[in-house]
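**Q** The chain contents come next:
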Amino acid sequence: MNNCQNPDNMLENIDLSLVNWSRAQFALTAMYHWIFVPLTLGLSFIIAIMESLYVRTGREEWKRITKFWMILFGINFAIGVATGIILEFEFGTNWSNYSWFVGDIFGAPLAIEGILAFFLESTFIAIMFFGWGKVSKRAHLISTWLVAFGSNLSALWILVANAWMQNPVGMRFNPDTARNEMVNFWDVLLSPFAVNKFLHTITSGYVLASIFVIGISAWYLLKNREHSLAKRSMLVAAVFGLISSVMLIFSGDGSAKQIARVQPMKFAAFEGLYEGEEGAPLITIGVLSAAPGETEAQNVKDFALKIEIPNFLSYMAFGKFDAFVPGINDLTYGNPERNILSVEEKISRGKIARESLAQLKDARDQQDMTTYNRIKEKFSDPEFTDSYFKYFGYGFLSSPESAVPNVPVAFYSFHIMVLLGFYFVLLLMLILVALYRNGIEKNRFLLRMAIWTIPLTYIASQSGWVLTEMGRQPWVIQDMLPTMAAVSHINSSSVQITFFLFAVLFTVLLIAELRIMFRQIKIGPK
Amino acid sequence: MTVGKQLWVIILIKLFIMFFLLKLFFFPDILKDRFDTDKERGDYVIEQLSKPR
Chain A
1 MNNCQNPDNM LENIDLSLVN WSRAQFALTA MYHWIFVPLT LGLSFIIAIM ESLYVRTGRE
61 EWKRITKFWM ILFGINFAIG VATGIILEFE FGTNWSNYSW FVGDIFGAPL AIEGILAFFL
121 ESTFIAIMFF GWGKVSKRAH LISTWLVAFG SNLSALWILV ANAWMQNPVG MRFNPDTARN
181 EMVNFWDVLL SPFAVNKFLH TITSGYVLAS IFVIGISAWY LLKNREHSLA KRSMLVAAVF
241 GLISSVMLIF SGDGSAKQIA RVQPMKFAAF EGLYEGEEGA PLITIGVLSA APGETEAQNV
301 KDFALKIEIP NFLSYMAFGK FDAFVPGIND LTYGNPERNI LSVEEKISRG KIARESLAQL
361 KDARDQQDMT TYNRIKEKFS DPEFTDSYFK YFGYGFLSSP ESAVPNVPVA FYSFHIMVLL
421 GFYFVLLLML ILVALYRNGI EKNRFLLRMA IWTIPLTYIA SQSGWVLTEM GRQPWVIQDM
481 LPTMAAVSHI NSSSVQITFF LFAVLFTVLL IAELRIMFRQ IKIGPK
Chain B
527 MTVGKQLWVI ILIKLFIMFF LLKLFFFPDI LKDRFDTDKE RGDYVIEQLS KPR
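Sequence lines, in order, name chains A and B. The working numbering puts the first residue of the first sequence at 1, with every later residue one more than the last. The working numbering puts the first residue of the second sequence at 527, with every later residue one more than the last.
The following block holds chain B by itself, in its conformation from the complex (with noise of 0.2 Å):
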C-alpha cells in the first residue's frame, strides 16, 4: 500500500472512531441533552454557581 493510501484509511477509521463512536456514545452535550431551553440551561448553570458551598 502507498503511503497515501495509508494515510487515508488512518483518516478514515480516526474519523469514523472519533464522530460515530466516541462522539455519539461517550460524549453527549450535557445542557442539550438533559434541558429543552437556553431558560432552562441557564437557570440550571446558575444553580450550579450560585450556591453557597
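Isolated chain A (complex conformation) (with noise of 0.2 Å):
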C-alpha cells in the first residue's frame, strides 16, 4: 500500500496546472460559500432584535416585520446551508498534505464548530421557524436570539482555524509524525489574530446584512408599499449597521497591525510599497502601472494616480507616525540596516530544515538510532527552531521573488474593501438623517442608492477574503508550508471536472436563491 519510494510521487513532480486547478475549485467554493454566510450571520441579529420589540411592545407589526425577514433569512439559510462541506471535502482529496500537516489544530475547531453548528443551531432554527404560536413568546424569542449566537459561533471555529494559517501558533511540530500538535488551545483561540479576524468578519456580515435590509425596504418605498415595515426596518438595520461599521473599522484597524507584525509581505503587497521608509504614507486611491522598463507582467511597481495621506500607513501599522514601514524589496531582498533577512537566506534555512526532516526519517527507518535521538533533540531546540525550522516552508520556494504574492490583486482588494466599507457608513448615516428628519420617501435617490449597494457590500466582502486568501501568497500556512506542497499528487483533470461541477452546482443554488429571493420580497409580508 505504501508507495512513498514511487519516485512519481515525489513534490517536484507535482505540476503546476495541478496547483492551479486545485487552488482555483477551493477559491470557487469558499467564494460561493461566502455568499450565503455573511448574510445569515448579520440578519439573525437583526430578526433578533425586531423581534425583542414585539416582545417588548407587543406590537403585532413587529411579529409581521420579523416573520417577514426570518422568511428571507430562511430562504439563505436553506440553500446556503453545508456549502461550506465541500470545503473539507477539499481538504481530504485536493490537500491532503496540507490535511495531515495541521493535524489536530483543525480538528477541534471544527469539531467544535460542528457540534455547535448542529446542536445549537439546527434546534433552535426549528423553534424559531416553526415554534410560533407553539411555544411561549419569551421562548420563542430566547430561540431566535440562540439562533443568531449559535451561527455567529460556528463561524468563530472556522475563522480561528483560518487565522492559524495566518499566524501558527500554539502549537509543536512533531517530526516523527509530520503533524502540528497543539499545546495551548488558548493561545490558538485567542491569539490577537484570530480575534481581529473574527470581529472584523462578522461584522462585515452584519453590515452587508444591514444594507441588505436597508436596500430591500428603500424597494417598497420606492414602490410606495409597505411603508411601516420598510422604515422601520431601515431604522433597525440603519441603527444596527452604523454600530457594527464601528466594530468593523476598529476590528480592521486591529487586524491591518497584526498583518503588519505577521504578515509584513501582505502587508507591503496591499499597499504596493516596495521600497521601505519611515513616515511611510497610506494610500487612499491608486491606479498601478508598469513603472519604466519594467518587463514583468505580474507585479508592476509604479502608480498612474494616487492619492495619499502622509505618515498614515506607518500609524496603520505599528501605532507611530514616524516608524519604518517594510517594502517588498527589504522584505525580498532582505535590509540588514533593519535586521531584515532576505528570502535567499530563509530559503536556505528552510532546506536544512526540510533536510533535518529527511534525515530523521531515514534514520528511524534504518534503526539508527543515535541519529535519530540526536536529529529528534534538534526538533525540540529552541535555537533549531527559531533559526531554521521557523523557515522550513521556505525551503520549497525556488527564487526569492516566489516569495512575493500578486501585488495588483493584493493592492485593488485590500483598496476595494475600504473604500467601499467607508461609503457604507456614510450611507447608514444618510438613512439615519434621512429617517430622523422623516423624508425617507421623498429622497429617491437615496432609496435608489441603498438598493444599488446591497451588491456592493458583497464585492467589499468577497474582496476581504480575496486579500485575505491571496495575500499571503505563496503560503497556505505563513512560512510554513507553501500552497504547491499543500496539494494531493491527484490527477489535475479530476480536479478540473469537479471544478465545473461545482460551477455549475453553486450557479443553479445562486439562480435558485435569487429567484425565490425576488418572488418572495415582490410578494412582501402577509
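Hints listed in this document are in silico derivations from the structure and should not be mistaken for laboratory results. Source: prediction; values computed, not measured. Cβ coordinates follow ideal geometry from the N, Cα and C atoms, glycine included. Errors might be hidden in some of the hints.
[Claimed, not checked] Partial list, derived from the structure: chain A residues whose beta carbon lies under 8 Å from chain B:
(1) 78
(2) 100
(3) 101
(4) 173
(5) 177
(6) 490
(7) 498
(8) 501
(9) 516
(10) 520
[Said to hold, decoys possible] The calculated DSSO-like cross-link candidates involving lysine-lysine, where the alpha carbons are at most 30 Å apart (straight line), are:
(11) A:223 x A:63
(12) B:565 x A:63
(13) B:565 x A:378
(14) A:231 x A:351
(15) B:540 x A:390
(16) B:531 x A:351
(17) A:376 x B:540
(18) A:137 x A:67
(19) B:565 x A:351
(20) A:378 x B:531
(21) A:351 x A:320
(22) A:378 x B:577
(23) B:531 x A:376
(24) B:577 x A:526
(25) A:522 x B:540
(26) B:540 x A:137
(27) B:577 x A:351
(28) A:223 x A:67
(29) A:522 x B:565
(30) A:390 x B:565
(31) A:526 x B:531
(32) A:223 x B:531
(33) B:558 x A:390
(34) B:558 x B:577
(35) B:540 x A:67
(36) A:67 x B:531
(37) A:257 x A:231
(38) B:577 x A:134
(39) A:137 x A:231
(40) A:134 x A:522
Take each chain as given, in its own frame, and dock them per the hints.
**A** Following this line, the structure appears as C-alpha cells:
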C-alpha cells in the first residue's frame, strides 16, 4: 500500500496546473459559500432585535416585520446550508498534505464547530421557524437569539482555524508524524490575529445584512408599498449597521496591525510598497502601472495615479507616525540595517530544516537510533526551531521573488474593500438622518442608492477574502507550508471535472436563491 | 408549491448531490484510502515534504 518510494509521487513532479486548478476550485467553493454566510450572520441578529421589539412592545406590526425577514433569512439559510462542507471534502482529496500537516489544530475547532452548528443552530432554528404559537413568546425569542449566537459561534471556529494558518501559534511540530500538535488551545483561540479576524469578519456580515434590509426596504418605499415595515426595518438595520461599522473599522485596524507584524509581505503588497520607509504614506486611491522599462507582467511597481495620506501607513502598521514600514524589496532581498533577513537566506535555512526531517526519517527507517536521537533533539532545540524550522516552508521556494504575492490583486482588493467600507458608513448615516427628518420617502436618489449598494456589500466582502487568501500567497500556512507543497498528488483532470461540477451546482443554487428571494420580496409580508 | 416546500426540496437534492454523488465518487480521503495506518500516512507526507526539489 505504501507508495512512498515511488518517485512519481514526489513533490517535484507536481505540476503547476494541478496546483492552480486545486486553488481555483477552493477559491470557487469558498467564494460561493461566502455569498450565503454573511447574510446569515447579520440577518439573524437583526431578526432577533426585531422580535425583541415585538415581545417588548406587544405590537403585532413588529411580529409581521420579524416574520417577513425570517422568511428571507430562511431562504438564504436553506440554500446556503452545508455549502461549506464541500471545503472539507476538498481538504481530504485535494489538500491531503496540508490536512495531515495541520493535524489536530483544525480537528478541535472544526469538531466544536460541527457540534455547535448541528446542535445549537439546527435545534433552535426549528423552533424559530415552526414554533410560532406553539411555544411561549419568550421561549421563541430565546430560540431566535440562540440561532443568532449559534451561527456566529460556528463561524468563530472556522475563522480561528483560518487565523492559525495566517499566524500559526500554540502548537509544536512532531517530526515523527509530520503533524502539528496543539500545545495551548487558548493561544490558538485567543491569538490577537484570531480575535481581530473573527470580529472583522462577523461585523462585515452585520453591515452586509443591514444594507440588505435597507435596500429591500428602499425598494418598497420606491414602489409606495409597506411604508411601516420599510421604515421600521430601515431604522433597526441602520442603527445596527452603524454600530457594526464602528466595530468593523476598529477590528480592521487591529487586523492591519497584526498583518504588519506577522505577514509584512502581505502588508507591503496591499499598499504596493516596494521600498520601505519611515513615515510611510497610506494610499487612499491608486492606479498601478508598470515602471519605465519594467517587463515583469505580474507585479507592476509604479502608479499612474495615487492620492496619499502622509505618514498614515506607518501609524496603521505600528501606531507611530514615523515608524519604518518594510517594503517588498526589503523583505525579498533583505535589509541588514533593519535586521530583515533576505528570502534567499530563509530559503537556505528552510532547506536545512527539510533535510533534517528527511535525515530523521532515514535514521528511523535504518534503526540508527544514535543519529535518530541526535536529530530528534534538534527539533526540540529552540535555536533550531527559531532559526531554521521557522523557515521550513521557504525550503520549497525556487527564488526570492516567489515569496511575493500578486501585488495588483492584493492592492485592488484591499482598496476596494476599504473604500466601500467607508461608503457604507456614509450611506448608513444618510439613511438615519433621512429617517430622523421623516423625509426618506421623498429622497428617491438615496433609496435607489440603497438598492444598488446591496451588490456592493457582496463585492466588499468578497474582496476582503481575496485579500486575505491571495495576499498571503505563496503560503497556505504562513512561512511553514507553501501552497504548492500542500496539494495532493492526484490527476489534475479530476480536479477540473469537480471544478466545473461545483461551478454548475453553486450557480444553480445561486439562481434558485435569487429567484425565490425576489419572488418573496415581490409578494411582501403577509 | 409553497416556499417552505420548495426549500425542503432544494435542501434534499443538494444534500443528495453533495454526500451521495460528490463525496462518494469524486472526493475520496486520499491518505485514508491509500494507506492503512497513521504511520504510513505520516511517512508518506514526510517523503512529500522533505525530499529536495
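**Q** If a hint holds in the structure, say so; if it does not, say that too.
**A** The hints, checked one at a time:
1. 78: This hint holds: residue 78 of chain A lies near chain B, its Cβ roughly 4 Å from the closest one there, short of 8 Å.
2. 100: At 5 Å from the nearest chain B Cβ, residue 100 of chain A passes the 8 Å test, so the hint holds.
3. 101: holds, 7 Å
4. 173: violated, 11 Å
5. 177: holds, 4 Å
6. 490: holds, 7 Å
7. 498: holds, 5 Å
8. 501: Interface hint status for residue 501 of chain A: holds (7 Å vs cutoff 8 Å).
9. 516: holds, 6 Å
10. 520: For residue 520 of chain A, the interface hint holds, since the closest Cβ of chain B sits about 6 Å away, which is under 8 Å.
11. A:223 x A:63: Roughly 22 Å between the alpha carbons, so the hint for residue 223 of chain A and residue 63 of chain A holds.
12. B:565 x A:63: It is violated: about 58 Å lies between the C-alpha atoms, which goes past 30 Å.
13. B:565 x A:378: With Cα atoms ~21 Å apart, residue 565 of chain B and residue 378 of chain A stay inside 30 Å; holds.
14. A:231 x A:351: Since the Cα atoms of residue 231 of chain A and residue 351 of chain A sit roughly 63 Å apart, the hinted pair is violated (cutoff 30 Å).
15. B:540 x A:390: Answer violated: residue 540 of chain B to residue 390 of chain A is near 43 Å, above 30 Å.
16. B:531 x A:351: violated, 58 Å
17. A:376 x B:540: Not satisfied, since the Cα-Cα distance of roughly 48 Å exceeds 30 Å.
18. A:137 x A:67: With a Cα-Cα distance of about 13 Å, the restraint between residue 137 of chain A and residue 67 of chain A holds, given a limit of 30 Å.
19. B:565 x A:351: OK: residue 565 of chain B and residue 351 of chain A at ~24 Å, within 30 Å.
20. A:378 x B:531: Given pair residue 378 of chain A, residue 531 of chain B is violated - Cα atoms ~61 Å apart, limit 30 Å.
21. A:351 x A:320: violated, 36 Å
22. A:378 x B:577: The hint holds at about 19 Å.
23. B:531 x A:376: This hinted pair is violated, its Cα atoms lying about 60 Å apart.
24. B:577 x A:526: violated, 66 Å
25. A:522 x B:540: holds, 26 Å
26. B:540 x A:137: Violated, at about 33 Å.
27. B:577 x A:351: Given pair residue 577 of chain B, residue 351 of chain A holds - Cα atoms ~10 Å apart, limit 30 Å.
28. A:223 x A:67: This hinted pair holds, its Cα atoms lying about 21 Å apart.
29. A:522 x B:565: violated, 59 Å
30. A:390 x B:565: It holds: about 24 Å lies between the C-alpha atoms, which stays within 30 Å.
31. A:526 x B:531: Within the cut-off at roughly 18 Å; holds.
32. A:223 x B:531: The given pair, whose Cα atoms are some 29 Å apart, holds under the 30 Å limit.
33. B:558 x A:390: holds, 29 Å
34. B:558 x B:577: Status holds; Cα separation ~22 Å.
35. B:540 x A:67: It holds: about 25 Å lies between the C-alpha atoms, which stays within 30 Å.
36. A:67 x B:531: With Cα atoms ~17 Å apart, residue 67 of chain A and residue 531 of chain B stay inside 30 Å; holds.
37. A:257 x A:231: violated, 39 Å
38. B:577 x A:134: Roughly 64 Å between the alpha carbons, so the hint for residue 577 of chain B and residue 134 of chain A is violated.
39. A:137 x A:231: With Cα atoms ~24 Å apart, residue 137 of chain A and residue 231 of chain A stay inside 30 Å; holds.
40. A:134 x A:522: holds, 29 Å
The earlier numbered hints that this structure contradicts are 4, 12, 14, 15, 16, 17, 20, 21, 23, 24, 26, 29, 37 and 38.
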